[in-house]
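Undergrad: Here the protein sequences come in this chain order: A and B. For the first sequence, the numbering used here gives the first residue as 25, with consecutive numbering after it. For the second sequence, the numbering used here gives the first residue as 24, with consecutive numbering after it.
To be clear, the hints were calculated from the coordinates, so they are not data collected in a lab. All figures in this text were calculated on a predicted structure; none of them were measured in a lab. Among the clues, some could well be false.
[To be verified] Far from chain B, some chain A residues (derived; all Cβ distances over 12 Å):
#	residue
1	109
2	117
3	140
4	216
5	333
6	425
[Stated by the list, open to error] To be clear about the criterion: a stretch of chain A counts as covered by chain B if any three or more of its residues have a C-beta under 8 Å from a C-beta of chain B, and this derived list gives those stretches:
#	segment
7	158-166
8	243-253
Cβ coordinates follow ideal geometry from the N, Cα and C atoms, glycine included.
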Amino acid sequence: MAAIFQGVGAAAPLSSSPSNSFDSNKSVFSPRRSFSVSKRVSFAVVRSDGKVNLNPKGRRDQRLIPNAVATNAGSAAASKQGHELLLFEALQEGLEEEMERDPRVCVMGEDVGHYGGSYKVTKGLAKRFGDLRVLDTPIAENSFTGMGIGAAMTGLRPVIEGMNMGFLLLAFNQISNNCGMLHYTSGGQFTIPVVVRGPGGVGRQLGAEHSQRLESYFQSIPGIQMVACSTPYNAKGLMKAAIRSENPVILFEHVLLYNLKERIPDEDYICNLEEAEMVRPGEHVTILTYSRMRYHVMQAAKTLVNKGYDPEVIDIRSLKPFDLYTIGNSVKKTHRVLIVEECMRTGGIGASLTAAITENFNDYLDAPIMCLSSQDVPTPYAGTLEEVTVVQPAQIVTAVEQLCQ
Amino acid sequence: MALSYLRSSSSRSANLLKPLSSSLPLRRHISTDTTPITVETSVPFTSHQCDAPSRSVETNPKELLTFFRDMALMRRMEIAADSLYKAKLIRGFCHLYDGQEAVAVGMEAAITKKDCIITSYRDHCTFIGRGGTLLEVFAELMGRQGGCSKGKGGSMHFYKKDSNFYGGHGIVGAQVPLGCGLAFAQKYSKDETVTFALYGDGAANQGQLFEALNISALWDLPAILVCENNHYGMGTAEWRAAKSPAYYKRGDYVPGLKVDGMDALAVKQACKFAKEHALKNGPIILEMDTYRYHGHSMSDPGSTYRTRDEITGVRQERDPIERIRKLILSHDLATEKELKDIEKEVRKEVDDTITQAKESPMPDPSELFTNVYAKGLGVESFGADRKELRASLP
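Please model the entire structure based on the sequences and the hints provided.
TA: Next comes the structure, spelled out in structure tokens:
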């Protein structure tokens with residue numbers, strides 16, 4: 025892995041491979057680095073192209089690790105470090121660190137300031153940074169999204185929160201026409217470094233209008249990037265990367281994932297916006313998923329392992345553009361693909377992904393790609409019906425069995 | 024416009040070589056003359072929730088001559104664009120601003136290039152006012168590389184970042200929230216500058232306008248919303264689209280001012296007033312009572328919803344260039360011949376620029392994919408085949 029955190033004086037063995045080289049043949053997720061460095065020491069930053077930056081200028085906190093590894097069960101060395109928190113706290117931490125680091129970052133949305141955010145993602149920020157940086161807007165999505173984009177044209181970096189992703193449909197014109205296209209139609213004069221974020225997805229009986237998955241609506245807008253977070257680790261990393269990115273990024277969170285707990289590293293890290301995450305390497309079938317469905321897939325994976333299958337689970341994370349490199353390597357290994365998503369069947373992320381894989385990797389497929397998505401219905405209120413609307417682990421198991429015949 | 028100053032001075036020195044003719048006192052070099060002249064605006068301002076500024080505007084010969092030249096240039100540019108469109112060199116949509124030039128030049132006279140302007144798709148002349156060159160305009164209209172947006176924007180997408188001109192927007196009314204966002208950024212950075220967000224009488228009925236106005240008033244943003252009321256929203260007259268066509272009053276709690284938009288000096292006075300007001304008290308609405316001679320766009324003849332008599336009537340009585348011409352002649356600042364020479368010069372400039380713009384090449388096919396994303400942050404990130412480095416750590 026490329027940029028390595030070092031104590032002063034010691035030069036790092038340079039890794040020549042780029043930081044996101046996921047060789048899916050190895051089990052890449054066993055963190056072998058032993059970080060025994062104390063926190064408040066002066067340091068050298070070794071960059072991925074080999075240059076060593078001693079005393080990097082200006083920035084307050086230079087300890088940026090592009091691929092810090094979250095602890096999972098297998099790592100002994102890193103288990104003492106890091107701190108445990110919930111996903112919404114991870115988002116808040118990421119936001120707070122970025123606001124501290126760059127005075128141009130501001131947050132705007134409904135109830136983000138004094139109330140602390142309807143999902144507590146912006147809790148405490150208004151007290152800390154003041155009313156000009158954490159802005160409570162009236163309920164006017166179209167205009168405050170437009171205002172965020174206008175502010176971004178001058179160089180500010182607003183983080184626009186939609187209380188629920190579904191409300192951003194009201195701002196669709198601003199997101200599609202102004203956010204996505206201004207960099208192009210101005211011939212490169214303006215960049216729009218906004219982050220549009222909010223919770224979406226099917227919750228617990230929230231009703232049709234509050235259970236929308238808008239990934240499919242936004243995916244064809246040229247000029248924007250879309251990412252979906254699924255764990256506290258990647259939530260914080262993606263939030264920070266999205267804020268630092270010069271492009272408009274839409275960060276999809278999920279209502280039901282806000283209370284996930286995980287131990288994340290203490291150091292400053294970001295997650296690459298265009299990279300997929302290997303959740304579980306395997307041999308028999310590639311399961312591509314994102315957001316909440318990752319957990320349904322992992323649940324199904326337990327059953328599948330007991331039945332003797334070895335699924336490879338990839339959390340695609342980057343919904344636009346797709347990380348075809350990681351996905352491609354996986355397809356070349358397993359030759360079978362199952363896509364599990366919460367999006368609607370028609371015109372969803374799965375549909376685009378199926379097309380992308382077929383176009384690029386058709387020769388490597390032993391079976392047609394299977395795509396499990398939500399039913400093409402408005403989400404019903406009744407609990408039993410709502411359960412059937414989204415993909416359940418049992419269906420995933422059946423699908424894998426069918427695929428691997 | 025420094026260039027106009029130089030050209031006028033050269034014609035002036037040529038005149039000095041000739042024997043003095045009718046006007047007996049030796050006329051001063053008017054293009055550098057900054058002796059103040061006070062002019063009354065054609066009609067008084069009407070205000071809503073504020074005190075109207077005075078009708079007497081201070082100006083000087085240099086400014087008047089600049090107004091004349093700039094408006095003549097804009098007029099000639101729009102007419103040339105009309106012919107180019109009919110010759111199929113400009114395609115798509117082309118919305119012409121002739122008749123409304125006074126708004127663009129009057130506004131520029133009152134503000135600096137640090138103040139922001141954002142407008143709708145009728146942006147050719149506003150772009151020139153902000154310092155854009157004729158070549159950039161024509162090249163962009165014809166889709167060439169030399170255009171201000173490299174040929175990728177077109178008529179409705181002119182931008183000039185270094186002089187704070189934020190475009191150029193195709194969707195009616197969508198630029199007003201953007202404009203309030205610009206004002207927010209100005210307040211955030213404590214710049215002491217203001218934003219002028221221009222829109223038309225058609226856009227005045229958009230909900231997002233009122234949303235943005237509410238937020239601007241709430242947060243005290245230095246946003247000035249300017250309604251260029253040319254009385255027709257495409258083919259629909261204002262009285263058929265708005266229950267209350269008094270657009271300057273529609274801000275309700277936000278003060279407003281109604282201005283004769285065909286009088287460049289009135290526009291200048293109003294904008295100066297508005298800038299002072301916005302920096303102290305928050306948003307204000309200006310309604311510019313103006314008129315467009317062409318139809319809504321090149322595909323609209325402009326005569327199905329209004330009579331030709333109306334158009335010629337306005338042209339005779341309220342034309343902005345004629346007003347300035349009369350002013351210059353009545354104050355004896357230049358002879359008719361000099362003004363006609365300026366117009367001829369302008370015409371030649373436009374024609375020469377068009378020839379030059381026609382030679383600008385079409386964009387390279389690879390430009391299709393540039394500027395979709397900004398490269399910037401990120402650890403090294405590659406394309407699908409590992410060949411193209413897409414982003415690297417800054």
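Undergrad: Does each hint fit the structure? Answer for all of them.
TA: Status of the hints after comparison with the structure:
no., hint, verdict
1, 109, "24 Å, holds"
2, 117, "19 Å, holds"
3, 140, "20 Å, holds"
4, 216, "8 Å, violated"
5, 333, "28 Å, holds"
6, 425, "30 Å, holds"
7, 158-166, "holds (count 5)"
8, 243-253, "holds (count 3)"
Of the numbered hints listed earlier, the single one contradicted by the structure is hint 4.
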